[in-house]
Amino acid sequence: MASKDASDEFTSSEDIARALRELALIDKVIGLEAEVARLSTKSAYPSARDEIEHLRGQLRSMQASRTWRVGRAVLTPFRAVQRATRWRAR
Amino acid sequence: MNRESLDRSTLFERPMASLVVIVPVDGPGDATDKGRSRVAELGSDWEVVFAEQRNHGVSTSSATVRAESAAPVSLGQSLSHAVAEARGTFVIVTEVDGIPSPELARAIARDLLARETAEVVYFDRRGTPSSAPLVKPAPSPERLRSTDYWGSFVAYRRSVAASLLAQPLEAVGAELYELALRATSQGRAIENSRVQVSPSNDNLEERWYGDEEVCREGTRKALECYLEATGGGQVEHVGDEGWHRTRRLVSGEPLVSIVIPTGGTSGVVRGEPRVMVLEAVRSIVERSTYRNIELVIVADSSVSVETRSSLCQLAGDRLRLVPWQQPFSFSGKMNLGALHARGEYLILLNDDIEVITADWIEALLSLAQRPDAATVGAMLYFEDDTIQHAGHAYYKLDVTHVGLHSARGACGPGHAFVIEREVEGNTAACAMVRRDRFLEVGGFSPLLPGNFNDVDLCLKLTTRGYRSYWTPRAELYHFESMTRNPTVSQYEIDTTWGRWEHLLYRSDFWPTDPHVVYGRESKLN
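The listed protein sequences correspond, in order, to chains A and B. Quick note on numbering that gives the first Met the number 0: the first sequence kicks off at 0 and runs consecutively. Quick note on numbering that gives the first Met the number 0: the second sequence kicks off at 0 and runs consecutively.
Calculated directly from the structure, the hints in this document are not laboratory data. Treat each hint with caution, since some may be false.
Straight-line C-alpha distance at most 27 Å; calculated BS3-like pairs for lysine-lysine [to be verified]:
id, chain 1, residue 1, chain 2, residue 2
1, B, Lys395, A, Lys41
2, A, Lys41, A, Lys27
3, B, Lys395, A, Lys27
Make a model of the complete structure from these sequences and hints.
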């Protein structure tokens with residue numbers, strides 16, 4: 000697979016700043032998913048269930064936001080490559 | 000996958016497990032009688048199938064099947080015939096002295112009954128007066144090509160065993176290892192059981208053959224077949240102490256971007272002052288055999304003009320200096336460096352390191368090119384030559400470096416410090432990762448500017464289905480804390496454990512206490 004030249008993607012400091020914000024957003028979403036998974040292991044507790052619902056609401060809002068949808072579009076090429084090259088050992 | 004019914008009605012119709020008892024060519028004459036009487040004590044969950052190489056026959060606890068020929072047959076042929084005669088849901092290869100006690104047999108049967116989807120199950124090993132119990136790691140295909148950590152006492156679902164044996168076993172002297180490798184290369188559903196079996200059951204081939212050269216050549220053949228079936232590689236050396244030197248090969252020569260955040264600080268190493276990043280880059284440039292690299296150095300404004308000039312002289316046109324003008328954030332610097340990088344692969348590197356092995360990049364890359372690779376880590380030493388890092392491990396909500404403070408050259412438990420293997424994660428002091436995967440998970444979390452960002456990164460990748468590896472072939476010094484603020488904030492702890500607490504109770508790939516310090520010398524083969 001040929002290397003993707005980052006200098007072609009990011010030609011300005013604004014591009015870099017936008018990309019950094021998108022990375023932070025992706026990290027935030029994954030972090031929330033992890034928190035939901037953690038709390039799900041303790042879902043016997045009513046307070047944990049409330050917190051799970053609250054976090055899921057945050058997650059839905061974030062994934063519905065324009066910023067998230069734009070960010071996903073920017074990073075789609077990486078995921079396409081990943082899907083194309085993902086190996087299954089069966 | 001062929002699921003065999005495991006409900007109790009089936010249990011009454013057929014045994015849970017068939018013990019395939021190998022009776023070697025020169026085995027004792029009363030082996031079958033002795034074996035039958037021992038199996039009779041185990042109850043209806045068990046049957047025994049004797050694979051008699053001497054008489055070219057198979058006899059079971061309820062019937063005798065013998066061929067006409069008196070010529071001995073290979074172990075592989077014996078196994079194949081025996082599995083064809085077996086009726087158990089699972090088959091386990093052993094010898095007469097390896098037939099479990101009634102109590103152990105009940106534990107094994109209960110354990111197997113509960114495993115509805117497992118196709119292969121390997122067991123932990125009981126301790127002895129002179130050794131602790133051996134708790135084995137989770138299924139680890141890369142570890143398996145360096146050491147047969149499964150041992151010989153392995154339960155194969157009968158249909159799976161028959162399928163695996165449809166192609167004759169060719170690794171004379173290492174047939175059971177070949178079977179294990181074959182099951183792994185086919186992607187069978189493999190599970191580890193915490194039921195502990197006898198130590199003597201874990202090295203049957205060695206006892207059956209007694210000829211080291213035969214076993215060695217058989218092992219080499221088995222490993223070569225396995226490597227060929229799983230993406231290629233090389234067998235460099237077959238050892239006599241239970242571990243072997245095999246390696247994956249690098250494909251092509253992709254650009255590797257080495258990202259180094261730095262404040263340009265100085266320290267004292269071996270009694271001499273040094274600007275840490277300069278010596279790190281010097282060791283990379285002067286010692287590395289891999290040439291297609293770029294050095295992306297994310298430099299604070301505190302990095303002096305002299306240091307910048309020296310970096311340019313050292314690295315030439317492979318240098319990319321990226322300015323950092325914000326408050327300290329290791330995560331922020333790494334993310335910025337990754338975005339500026341042009342390589343397909345990143346090496347995340349601290350500025351307080353020094354390269355030891357010339358082909359360290361090739362060693363990392365050979366594993367980073369595995370289709371499911373997350374991070375790949377290296378063997379890091381402190382200045383005093385004790386181990387700083389040999390992979391991450393989680394233990395009772397603690398996160399630590401495997402091998403911390405162990406002696407350089409120590410073999411480690413199960414040869415862990417001398418073989419390539421799967422790990423929970425790696426320190427970002429030196430870790431290779433595919434650039435697209437790093438960005439896919441949002442890089443390092445800006446919520447963790449100084450600590451646990453590497454733990455978080457590795458877990459983000461793991462929960463996306465990727466797997467981290469570690470290699471002892473890439474060795475570097477890490478003069479830790481020379482340039483590092485050791486303060487850990489409560490916020491970082493709350494963020495990391497708030498995300499990942501449920502995954503930090505134990506390690507799949509280091510299931511015992513990782514805080515043990517090892518000091519035995521490795522007898523390198």
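Comparing the hints with the structure gives:
1. Lys395/B to Lys41/A: holds, 17 Å
2. Lys41/A to Lys27/A: Satisfied, since the Cα-Cα distance of roughly 21 Å is no more than 27 Å.
3. Lys395/B to Lys27/A: OK: Lys395/B and Lys27/A at ~26 Å, within 27 Å.
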